[in-house]
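Undergrad: Same order as they appear, the protein sequences are chains A and B.
Residues 1 to 206 in this note's numbering are what the first sequence lists, from first letter to last.
Residues 1001 to 1309 in this note's numbering are what the second sequence lists, from first letter to last.
Accuracy of the hints is not assured; some may be wrong.
Label pairs and their in silico Cβ distance ranges [to be verified]: (1) B/A1188 - A/H148: 39 to 49 Å; (2) A/I104 - B/A1188: 50 to 60 Å; (3) B/A1147 - A/R191: 30 to 40 Å.
Negatives, chain B to chain A, calculated, CB over 12 Å [claimed, not checked]: (4) G1018; (5) A1147; (6) L1180.
What the hints contain is simulated information worked out from the structure, not anything from laboratory work.
Note that CB positions come from ideal geometry on N, CA and C, so glycine has one too.
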Amino acid sequence: MTAHQDDTGGLDRRRLLARAALGGATVVGATALGGIDADAAFAAPQSPLDPAITKSSFVEGRITGISGSVLEIAGSYGDRSRIRMTNATSVWKVRPTTAEVIEIGDGLYARGVEMPDGTVAADAVWVNIVNLHTTIRGIEKKRLHLAHGHHELTGNVIADTTSASYAGRAPTADLSRLRIGQSAQVLGAWRPSDDSVDVVRVSVGH
Amino acid sequence: MLATTSSLAPVVLAVLLGWTGAWKLFGSRVVQQAPKTALARMLRSSERAALVLRGTALVELVLAAGLLAFPAYPLPGVATALLGAGFTGYLGYGLVIAPESSCGCTASEAAPVTWRSFARAGVVLAGGTAAATSSTAWWVTVVERPATSLALLAVGAAGLVVLSVDPDRWWLLPLRRTRLRVFGHPLAGKAAGERVPVAATVELLENSLAWQAASPVVRSGLLDHWEEAGWRFLLYSGVHEDASRGEGDGDGEGGARPVSVVFALDATASRDTAGAPAARVGVVDADTGRPVPVDLTAVRPREVLPVAG
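Just need the whole structure built from these sequences, with the hints factored in.
TA: Set out below in structure tokens:
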């Protein structure tokens, strides 16, 4: 994955970061705490415990325009907002990626900090993310046929990205235990062009 | 053969119309389904839509009876063909003005208009035309050529089943299951099952003490990840508030500076792996690239509160 690796010095930067991590403190243990990965886009907004962190804002809607590093957003409830992308903003669109893949017409969830000029400086942006309760109705090499309510839905299986979680266990690349008729929670990215969903994670037996 | 087919068309049509008509007329769900149909959008009223659905159902039942009782007369066939043409027009119009709505064709389904709805309307149109042109009663054909008639009726029944969305789970899903059983699971073997996906590493990290320790610093979602020498590195961005750098620094940020937070975890470990996998954390100044000393060892595991009951 070369999401944020630029041509000049990308590897050097990675080496530097790797050294920093391996030289850093080793922390062992497993204690649950809220995440900020793709799942977190659907979690209830939590106010940070750290008083130093200013209140973070949450924005959702469709992208109606892109001017430079600012995204114009039309919210689902008629509200409008502007999101400023920075070099520290994480962008998720099926996978961690860069701001170049964001297109007009995409849906978006973003978390960030409101700036004095009214824009929201984004910490994290999730593009076209969907989280659907579905039933598996067909399994093919490249796609899953899903039913979401009464709607038929095509879920694209993406090599090296689609993972499955069985009965609450850790995500695995092994998709061969999916069965027709199972209820499946599908986390993925909606494709506006053909209304299908790129499946990122399918959880069954939960 | 063609004459046999057209003389049997009334039977197949009567079954289809009788089925959908009875559902719409006697089914209790019509009133619930009516607001979701394209008809409700056209008439701007769910009550009127329900009335029209019931009315159509009555027409369908009358036509079904007519087709069965008077197969040699052209009138029921012509009326059925007109109904089929009307259905086709309604579906086309509904698809344009309310593509998400259901067609209300069988009242038991809430599925949106699909090719099946059109095919069913086409069958009514074509079958009606065939019935109108046939001058032989279906019972005469059945008595004269029982084997052919039964075969044709069976084909017709199978066609109706395929064209209805409702019995999908009675035939389509078992068919797909059988295909999986015979030809093997299409997604088996292609994924190297041994490899731990990045999502699993991220999940492991988010359950770790390292994550808890670094959470006041981390602001972004996952920015980048890569593997090196058995480690999987996960990169985030964040802001580090340095208490030792005061307000007097002149940057107006109270000593806050942008940092990169990088975690290193065993690339083969996941939440299901036995043992306690180690996670390493490094914090680097985003501008200068210098390591930022952050005391992460001060964090102690949160104690799980006892739950009553």
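Undergrad: Which hint numbers does the structure go against, in order from smallest to largest?
TA: 1, 2, 3, 6
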